[in-house]
Amino acid sequence: MRRFLFSQTSCSLLRRQRRPKDIPHRWFISSTSFSTAEYEDGDAFQSSPSKVKIFDRHLKRTQRDRAAWLLRPNDSFVHAVAENLVDRLEDCKKTFPTALCLGGSLQAVRQMLRGRGAIQKFIMMDTSYDMLKLCKSSQRDSDNENIETSYVVGDEEFLPIKESSVDLVISCLGLHWTNDLPGAMIQCKLALKPDGLFLAAILGGETLKELRIACTVAQMDREGGISPRVSPLAQVRDAGNLLTRAGFALPGVDVDEYVVRYNSALDLIEHLRAMGETNALLQRTNILKRETALATAAIYDSMFAAEDGTIPATFQHM
Amino acid sequence: MKEKKTISPLRRILVNCTAQANEYGACVAAKVPEVERDMCLKEFLALKTCMQNTLRGKV
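Residue numbers (my numbering), protein chains in the order written: chain C, 1 to 318; chain F, 1 to 59.
Just so you know, not all the hints are guaranteed correct.
Keeping only pairs whose Cα atoms sit at most 25 Å apart, straight-line, the calculated DSS-like set for lysine-lysine is [claimed, not checked]: (1) C:Lys289 - F:Lys48; (2) C:Lys162 - C:Lys193; (3) C:Lys94 - C:Lys121; (4) C:Lys93 - C:Lys136; (5) C:Lys162 - C:Lys133; (6) C:Lys289 - F:Lys31; (7) C:Lys162 - C:Lys121; (8) C:Lys209 - F:Lys31; (9) C:Lys193 - C:Lys209; (10) F:Lys31 - F:Lys48; (11) F:Lys42 - C:Lys289; (12) C:Lys93 - C:Lys209.
Some residues of chain C that are not near chain F, with every Cβ distance over 12 Å (derived) [as the list claims (entries may be wrong)]: (13) Leu59; (14) Ala80; (15) Lys94; (16) Gln120; (17) Cys135; (18) Lys136; (19) Ser137; (20) Gly154; (21) Leu190; (22) Ala191; (23) Ile226; (24) Val236; (25) Tyr258; (26) Val259; (27) Val260; (28) Pro312.
Stretch by stretch, here's where chain F covers chain C in the computed footprint (C-beta under 8 Å, at least three residues) [to be verified]: (29) 218-224; (30) 289-299.
Please keep in mind that the hints were generated in silico from the structure rather than gathered at the bench. Quick caveat, the model's predicted, so the values are computed rather than measured. By construction, the Cβ of each residue, glycine as well, lies at the ideal position given by its N, Cα and C atoms.
Chain F on its own, in the form it takes in the complex:
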């Protein structure tokens, strides 16, 4: 039972990086029937840098 609301890192990331997440999601959703590895790499890298920034300390 959580007495205080501990916000999990993933939730913080999703809140901070909404723009990149939306771009990445749109990219994948557009190509949905044929999914291959590292299909939307550029968008995902943008999301990943945002994630690392969030985890490093709210840049």
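Okay, chain C solo, but in the shape it has when bound:
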């Protein structure tokens, strides 16, 4: 699992330009400095002025609502990811009184937290209201009662958090659905106090490559054309650039690959549905013909099956 591990030291850039008075003025200066940085490099990731829409956020919210009902409380995969991420808190000597948790798998993160990092105030944010309701109702059962938690419904791309107000931002499997990943990370950085920490786990480019191949081949055979079924995911090599571009001072990236075995392709799809990770591309075709689905399942089985009849699926985390 790759984790973005950032420590933002007190930004000397801001200090140089700071006037002795108002904060709004400083905010304005810092935002212009970021936007000029965006214009300078024109690499593969879209810079925020163009606002390219890849994902349908409304649909994603509906899918997260459904996932809030479907997700089993002991889903081993999500918990493994969250555990790995939260372990990173123990590598830092700092304590984090305020923490912001962005959507993805909020409940798993909170369950894995168990007092690490000395967090006193926890803000949970998600685009889906149902998911937050679920977290709230399960809070009574958990043992983290000394932590004061507040729940916010918000979008990761438009953070409703005051600047320089949190010490720690955690995002577990949420940021790979944002339209503008650099922008979202920049907003996270702005919300962080100087010397704050940003931890995120997103899915990487190798994820579900078997599914991608099976879908493409099946669709080519049955229909003669292809439409995107698996969303574009960040590549390993771009991860470091993303971090530095957002302005974080000490970036660190880890990659981790999980191969999960399922009994059939249908089980894989059901699991994805339960995690809220199903297709939300704007370019998707809403129609999936029954024959194509059948063909995909058959091809997945034949191309990638192991000896005991189970099929593997790769999940790459960074």
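Place chain F on chain C using the hints.
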């Protein structure tokens, strides 16, 4: 939340038609780098008839 386990039609089809599905899958897997339309048509038609039989009522 499903109280009862409703088995989706696709799953029933896959359970019933495993032999045809395996044949079709093997055919496609053998030709994988050059995929064209209706490449393994015969095997797929066999799978399709099995699917229709399953849906019609477990023949």
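To see whether the hints hold, each was checked on the structure:
For the proposed pair Lys289 (chain C) and Lys48 (chain F), the alpha carbon gap of about 12 Å is at most 25 Å, so the pair holds. Among the hinted pairs, Lys162 (chain C) with Lys193 (chain C) is consistent with the structure: their alpha-carbon atoms are about 10 Å apart, no more than 25 Å. Distance restraint check for Lys94 (chain C) and Lys121 (chain C): the Cα-Cα separation of roughly 15 Å lies within the 25 Å cut-off, and the hinted pair is therefore satisfied. Under the criterion of a C-alpha separation no larger than 25 Å, the hint pairing Lys93 (chain C) with Lys136 (chain C) is inconsistent with the structure, at around 30 Å.
Our distance criterion of 25 Å between C-alpha atoms is met by Lys162 (chain C) and Lys133 (chain C), whose separation comes to about 23 Å. Our distance criterion of 25 Å between C-alpha atoms is met by Lys289 (chain C) and Lys31 (chain F), whose separation comes to about 23 Å. For the hint linking Lys162 (chain C) to Lys121 (chain C), the alpha-carbon distance of about 15 Å falls within 25 Å, and the restraint holds. Of the pairs offered as hints, the one joining Lys209 (chain C) and Lys31 (chain F) holds, with about 19 Å between alpha carbons and a cut-off of 25 Å not exceeded.
Using a Cα cut-off of 25 Å, the hinted pair Lys193 (chain C) and Lys209 (chain C) is violated, with the two alpha carbons roughly 38 Å apart. About 20 Å separates the Cα atoms of Lys31 (chain F) and Lys48 (chain F), which keeps this hinted pair within 25 Å; it holds. At most 25 Å may separate the alpha-carbon atoms for a hinted pair to count; Lys42 (chain F) and Lys289 (chain C) meet this at roughly 19 Å. Straight-line distance between C-alpha atoms of Lys93 (chain C) and Lys209 (chain C) comes to about 38 Å, which puts the hinted pair past the 25 Å bound.
With a closest Cβ-Cβ approach of about 21 Å to chain F, Leu59 (chain C) is found to remain outside the 12 Å limit, as its non-interface label requires. For Ala80 (chain C), the shortest C-beta to C-beta distance to chain F comes to about 24 Å, beyond the 12 Å cut-off, and the non-interface label holds. No beta-carbon of chain F comes within 12 Å of the beta-carbon of Lys94 (chain C); the shortest separation is about 41 Å. The beta carbon of Gln120 (chain C) is kept farther than 12 Å from every beta carbon of chain F, the shortest such distance being approximately 34 Å.
Once the 12 Å rule is applied to beta carbons, Cys135 (chain C) is consistent with being away from chain F; the minimum gap is 17 Å. At roughly 18 Å from the closest C-beta of chain F, the C-beta of Lys136 (chain C) stays outside 12 Å, upholding its exclusion from the interface. Separation of Ser137 (chain C) from chain F is adequate, the least Cβ-Cβ distance of about 14 Å exceeding the 12 Å criterion. Residue-level check passed: Gly154 (chain C) sits 27 Å from the nearest beta carbon of chain F, beyond 12 Å.
The claim that Leu190 (chain C) lies off the interface holds: its Cβ sits roughly 39 Å from the closest Cβ of chain F, which is beyond the 12 Å cut-off. Remark: the non-interface label on Ala191 (chain C) is consistent with the geometry, its nearest Cβ contact in chain F lying 35 Å away (cut-off 12 Å). Consistency note on Ile226 (chain C): stated as away from chain F, yet its beta-carbon is not over 12 Å from all of that chain's, at 10 Å minimum. At roughly 25 Å, the least C-beta separation between Val236 (chain C) and chain F is larger than 12 Å, which holds for a residue marked as non-interface.
Interface exclusion of Tyr258 (chain C) from chain F stands, the closest Cβ pair being 24 Å apart, more than 12 Å. Non-interface call for Val259 (chain C) relative to chain F: holds, since the shortest CB-CB distance, roughly 19 Å, exceeds 12 Å. With a closest Cβ-Cβ approach of about 19 Å to chain F, Val260 (chain C) is found to remain outside the 12 Å limit, as its non-interface label requires. Every beta carbon of chain F lies more than 12 Å from that of Pro312 (chain C), the smallest distance being close to 15 Å; the non-interface claim holds.
Here the segment 218-224 of chain C counts 6 residues with a CB under 8 Å from a CB of chain F, which clears the bar of 3, and the coverage holds. Proximity of the segment 289-299 of chain C to chain F, defined as three or more residues with a beta carbon under 8 Å from a beta carbon of that chain, is established by the 8 residues found.
Violated hints for the displayed structure, listed by number in ascending order: 4, 9, 12 and 23.
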